[in-house]
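Engineer: Listed below, chain by chain, are the residues.
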Amino acid sequence: MTQTGLRIYPSKPNKVYFYATCLLDVLDPDGGMAAVELIEREGIEIIWVEKQSCCGQPAYTSGYQDQAKTVALSQIALFPEDHPIVVMSGSCAGMMFKHYPSLFADDPRLHARAQAFSERVYEFSEFLLRVCRATLQDKGEPTSVVLHTSCSGRREMGIHVSSQALLAQLNNVEIKNAAYETECCGFGGSFALRHADISQAMVEDKATHLSQSSAKQLVSADWGCLANINGHLAYRGEAASFQGKHLASFLWQRTADERGEQ
Amino acid sequence: MSVQHYQAKQFKSQAREALADQQLRDNFRGAMDYLQQKRKDAFNDPDELAQLRLHAENIRQRCLAKLPELLEQLERHCEANGIKVHWAEDAAQAQQLIAGLIQQAGGQKVVKGKSMVTEEIALNQHLESLGIECVESDMGEYIVQLAEETPSHIIMPAIHKNKQQVADIFQQHIKDFNYTLSVDKLIQTGREVLRSKFQQADVGISGVNFAVAETGTLCLVENEGNGRMTTTVPPLHIAVTGIEKVVEFLSDVPPLFSILTRSATGQHITTYFNMISGPRRAPERDGPQQVHLVLLDNGRSQAYADEALRKTLQCIRCGACMNHCPVYTRVGGHAYGTTYPGPIGKIISPHLQGLANTSDLVTASSLCGACEEVCPVNIPIPSLLQRLRRDAKLPTEAGQPSLKGQASAASVVEHTAWRAWAWLSTHSAIYNVCTSLVLSLAKFIPIPMGAWTRCRGKPALAEQSFHQAMKQRQQQANKQPISQSADQSSASNKGSN
Ligand code: SF4
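Sequence lines, in order, name chains X and W.
Anchor point for the first sequence: position 169 equals 169 in my numbering, and the numbering is continuous, going up by one each time.
Anchor point for the second sequence: position 215 equals 215 in my numbering, and the numbering is continuous, going up by one each time.
One should not assume that every hint holds.
What the hints assert, rightly or not - As a list, the in silico DSBU-like pairs of lysine-lysine whose alpha-carbon atoms are at most 30 Å apart: (1) W:K38 to W:K66; (2) X:K15 to W:K479; (3) X:K51 to W:K479; (4) W:K109 to W:K40; (5) W:K479 to X:K12; (6) W:K471 to X:K12; (7) W:K38 to W:K185.
Don't read these hints as lab results, they were simulated from the structure.
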């Protein structure tokens, strides 16, 4: 069962903080922009805090708790108002939602602060579906899609459910399932470098299963997995035919009006 | 006979070898797929499963919270039943103790039921060095023993072998073996050999699944009947268990037993469930004349002493975590070089062997959480791994007790790098300059990415960061507050009709 299974969602807010995450920042600004547009279309104002950097997960999973705490506190301080914080990656959202409070378990004051912060954290697809209750109008040609969700996003935030539900709203998009859908792609942050051989075996299998799904498009709501899987697809020479994009980009492309027809 | 030795310290090279062995990988993938499906079928109601897990977790936590008391109670009640209880602090003490009991009884031939804790103390090798024959009586264990290997799974020791490989091993080691690939015939062959071993044995050694403090009863879960033979035919029975296996009440056993077998093999119940409550009593005509119980610590009290790490000891050794682990599925059990492989191995072995030997194990996880998702007693394996990663690297805080091998993986370079990273991540102006610098220079600098690019293209960095794009967007919006901004992004058009 996911942590968010029992979450009570607020009604649609007027404003939200937007948390891009470090990977999306350098790898996929378009995906971020698509998400901004999708949220604005719901009548919500985006607050962009320029000082944001990274959620601290890399240090945390590498065993550098103190550094993770420093970064976590600095990020918490950047979002003082009571607005929801929309996070563009399931695993970063999981970090901020589940692990921020536990990082400060032994300090009641900081723990309370982290807890209050984490309660405002929503992963992008979760926010769009459950808080905005968005209904999407598919305007694209028939196509098919396969979804990959990060393990932490899936198990800590339950975002496979919300991502899937959003995709299911698109009338002209057939959702394909890949074999071993719930299995890890082998990224795992520093795991991919420390245990490169094992990681390689995992990403090879994941890429194979995804491309065997025969979907035309691969989407994910996590850039960690996407960088890993896309990187391997490119290495195999499948970059031109099959590459993953952020869920937000796909949703925006399917639902935005034709360019210039406003 | 010398058992082939894998070591936790050599995890990386052992994993590499395993990955290169396609037959091994196919065997594991097939077996793990099968076991995953079996578990899934056994738990088809998610709500019921959640309740059962919570119940099992509560039992284990209650029992662990009173562990010292329960162990004493167990000792009292066992002794009252005629079971002699012994305590062993480490592997060497346990070896000597058990060998001493065998020698006292003049034992020469031992049969052993499947017991991971005797693997942990390398009992076979020790007995062999004393000239005592010790034959494994579980079919999987027997195959592995003939092959001079260690088990590669805690429930199915020979799961890494297919029938062809088993037939080859029998061909080599069993006289008059009629070569066959029929699984039934192979098992029959093994059983015939073992039957005579039971008849000749002076001593039977077994593990314990649950030791009941309330009644002084030792419970043993098994499918082949070899456990029953081992514990009833020879005149001397020695049971060996880790101290964490004690439960408080007899009524704690059924829920744990049921969730154990369903998690492990998808069985609702096993063929045999033995409850041993003492040696043969007059006028009984069978059963051992003496029963001994060896309680082994071997590092468990270190895990016990820490509230978070204590959860490690909740384990009921079902193996579900390894059956669902993407790393275990690909490298198999031997690569770990530990008695307990897979996720549970990664969190318990540091207590048994120290962090210095196991620091590669605690990092060998993508923290995907599949293990935690299936663990019947809700052990938070990924969080415990993270905790151990930290302890492997950082010195203890003043006044805190330290773990065996703590700080053994500390690296000044790595530590400095993470400090620099934390500094950068909390100084946004410089952070942003750095990312934009990387993006603008990426075209010109060949970034060496070693391990990453061995099987991946270089990540395609964006022309400008999201930070830059957002800043630009905001500036434009300020300039043209009413009309739509027309930036170059593909996502620039609002879907307003
Ligand atoms: S850690 Fe959990 S899943 Fe793994 S063997 Fe122990 S009880 Fe079973």
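Engineer: Against this structure, judge whether each hint is valid.
Structural biologist: Right, here's what the structure says about each hint:
1. W:K38 to W:K66: violated (34 Å)
2. X:K15 to W:K479: holds (21 Å)
3. X:K51 to W:K479: OK: K51 (chain X) and K479 (chain W) at ~22 Å, within 30 Å.
4. W:K109 to W:K40: Between K109 (chain W) and K40 (chain W) the Cα gap is close to 41 Å, so the pair fails against 30 Å, i.e. violated.
5. W:K479 to X:K12: holds (29 Å)
6. W:K471 to X:K12: Holds. K471 (chain W) to K12 (chain X) sits at ~26 Å (cutoff 30 Å).
7. W:K38 to W:K185: holds (24 Å)
Checked against the numbered hints given earlier, the structure breaks hints 1, 4 and satisfies all the rest.
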